[in-house]
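K.L.:
Residues per chain, in single letters:
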Amino acid sequence: EPEVTQTPSHQVTQMGQEVILRCVPISNHLYFYWYRQILGQKVEFLVSFYNNEISEKSEIFDDQFSVERPDGSNFTLKIRSTKLEDSAMYFCASSDTGGYSPLHFGNGTRLTVT
Amino acid sequence: KQEVTQIPAALSVPEGENLVLNCSFTDSAIYNLQWFRQDPGKGLTSLLLIQSSQREQTSGRLNASLDKSSGRSTLYIAASQPGDSATYLCAVKGATGANSKLTFGKGITLSVRP
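So the protein lines, in turn, are chains A and B.
Numbering of the first sequence is given in the working numbering, commencing with residue 1 and proceeding in unit increments.
Numbering of the second sequence is given in the working numbering, commencing with residue 1001 and proceeding in unit increments.
To be clear, the hints were calculated from the coordinates, so they are not data collected in a lab.
Heads up, a few of these hints could be off.
As the list claims (entries may be wrong) - Lysine-lysine pairs mimicking DSS-like chemistry, simulated, CA-CA at most 27 Å apart: (1) A/Lys42 - B/Lys1068; (2) B/Lys1106 - A/Lys57; (3) B/Lys1001 - A/Lys57; (4) A/Lys83 - B/Lys1106; (5) A/Lys42 - B/Lys1001.
Predicted, not measured: the structure shown is a model, and the values here were computed from it.
Based on the sequences and whatever the hints tell you, model everything.
P.N.:
Okay, structure coming up:
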């Protein structure tokens, strides 16, 4: 069965550094999302992306965050200047028809900011 | 603002027991509801998706019901097995559209004892 693939599985970075988290959604999917889960807390929405633009973003997704679909297959999340509180598991997700089909999640990237 | 609650946070049952996991949400204006399974350190696997116009969905030993007007959903697991041990998350999609975000509950960690 097709999968959403995320790399790396674990990223350690120093505060203030830029990180790029990478995702390869399922190939025929059109809707893309980033969610995150701080240890012990709920999964939280960050941003949704459709037709090469952001559809919706949460208050967490401030100017330090950006998303890009550079080549029609990859979907990236960039954090410009990481903070300690950005430490979390970041999940990429995709779906083919938006609300009519389930969301498929990747295995996540664990980001640790020191 | 939508809030999703899952109680209890953890549940331990002997193998073979039928069990019900509960989910409640505060805003009944939803597009759909999804149940996910999360294994430790892994991503989220979609189990069942119920559209707002539906009452229930079934897949194998799993049955999910939705009562939108009362803001409740249940996930019924028949004849539980040790392999069912995982965290089960409920998430609702807002009614603003097919691409709107999912709001998650904190999950119920299920342990099935052999």
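K.L.:
Is A/Lys83 close enough to B/Lys1106, meaning Cα to Cα at most 27 Å?
P.N.:
The hint holds at about 24 Å.
K.L.:
Hinted pair, alpha-carbon criterion (27 Å max): A/Lys42, B/Lys1001. Please report holds or violated.
P.N.:
At roughly 15 Å apart (the allowed maximum being 27 Å), B/Lys1001 and A/Lys42 satisfy the hint.
K.L.:
Verify the proposed pairing of B/Lys1106 with A/Lys57, using a straight-line Cα cut of 27 Å.
P.N.:
Given pair B/Lys1106, A/Lys57 holds - Cα atoms ~21 Å apart, limit 27 Å.
K.L.:
Given the hinted pair B/Lys1001 and A/Lys57, is their alpha-carbon gap at most 27 Å?
P.N.:
Measuring from Cα to Cα gives roughly 15 Å; hence the hint holds.
K.L.:
Can the restraint linking A/Lys42 and B/Lys1068 be considered satisfied, given a maximum Cα separation of 27 Å?
P.N.:
The given pair, whose Cα atoms are some 22 Å apart, holds under the 27 Å limit.
Violation of the numbered hints given earlier is absent; every hint is satisfied by the structure.
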